[in-house]
Amino acid sequence: MNKLTLIVLLLFGLGITSNSKKVIARQGQVSFFSYTSVENIKAENNQVLSIIDLEEGTIAVDMLMNAFVFEKALMREHFNESYIETDIYPKATFNGRIEGFDAQQQGTQVKIIKGAFTMRGVTKDIEIKTKIENNNGGYMLSGTFETFVKDYNINIPPLLAGNIAKSIEVNFKFEYQPYEN
Amino acid sequence: MQLIFKKFKIRYKPAKILAILFLFLLIGITSCTENSDKIVSESSDVKQFAVDQINDESFNFENSNLIESVVLVKGEIKDINYLNERSTIILKGRSNDRLVICDMQDNQKQILQKLSIGDAIDVKGILKGSLNDIILLNCIIPQPKNNE
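Quick note, the sequences are listed as chains B and X, same order. Start counting the first sequence at 1; every next residue gets the next number (the UniProt record's numbering). Start counting the second sequence at 1; every next residue gets the next number (the UniProt record's numbering).
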């Protein structure tokens, strides 16, 4: 009887662990800044999707490149039509793993997320230092990293080269909710 | 140049001309900086969809020619939130799996205060595409006309 109970409990336990617990951010914020002496360019996307598998420690991010909002219409037009070509490459994605992530730890932990970022059909391995806040199961991730225009084969006409920085600062903030799917 | 000024009896004052040119330049710059996306207005004719229609997985966004155009979506309010200092309405259809996220124009704040979760509403906005959910930007809630 005891053995049977143990087996049932074991199977039940396995069943629970195979149903990975996930959290979702439907309105993540990603913004980028380009600083030059000629002009500063800022854009913000507030509808970035991200899902974390808390047990696997994996993270996926998906964003529509045409959903970035700029200060000037001309900046948006250049970004969508000339630099990113959003009609051909509508999305950018990131798939990675949070190194040493403890989903149960309350409060703040700073971790490195390693993964592959794909934009304009070009995939680069990147590492991002990320602040993770866990407030009773409400997770928030935020951080900053730099990326280089040349890494993604973005062609900037010589006339506008002075207006766009070679290195772009990217900021992100995701607030997650339980994902029931 | 001086002939033109003589013809129109205008006294040639470079400072005045420079000031006028500067004014035109300023008007040009401010008109460019008002908004990076097109403004959605009540009057524009648009295609209409229910949340379930636009969320149907067989709906092909890439071939629909609807990306970057203004659409009207009918649905039930699942949530209203103010994350990232933006006003957002989330619409649902029959299922909760795929939703419609509507990022509202700043001038809609007063209208939002009158809405509640569960209300059936129409939202008009620029269709940006689909991730897990459908994304609309610069949204407005069309108001019924007085004679209706």
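Think of the hints as simulated: they come from the structure by calculation, not from any bench. Please read these numbers as outputs of a predicted model, since none were measured by experiment. Every residue, glycine too, gets a C-beta built ideally from N, C-alpha and C. Please note that the accuracy of each hint is not assured.
Said to hold, decoys possible - Residues on chain X that point at chain B, a partial pick, calculated with CB under 7 Å:
1) LEU83
2) ASN84
3) ARG86
4) LEU112
5) LEU115
6) GLY118
7) LYS128
8) LEU131
Verification of the supplied hints:
| no. | hint | in the structure |
| --- | --- | --- |
| 1 | LEU83 | holds, 5 Å |
| 2 | ASN84 | holds, 5 Å |
| 3 | ARG86 | holds, 5 Å |
| 4 | LEU112 | violated, 15 Å |
| 5 | LEU115 | violated, 18 Å |
| 6 | GLY118 | violated, 19 Å |
| 7 | LYS128 | holds, 5 Å |
| 8 | LEU131 | holds, 4 Å |
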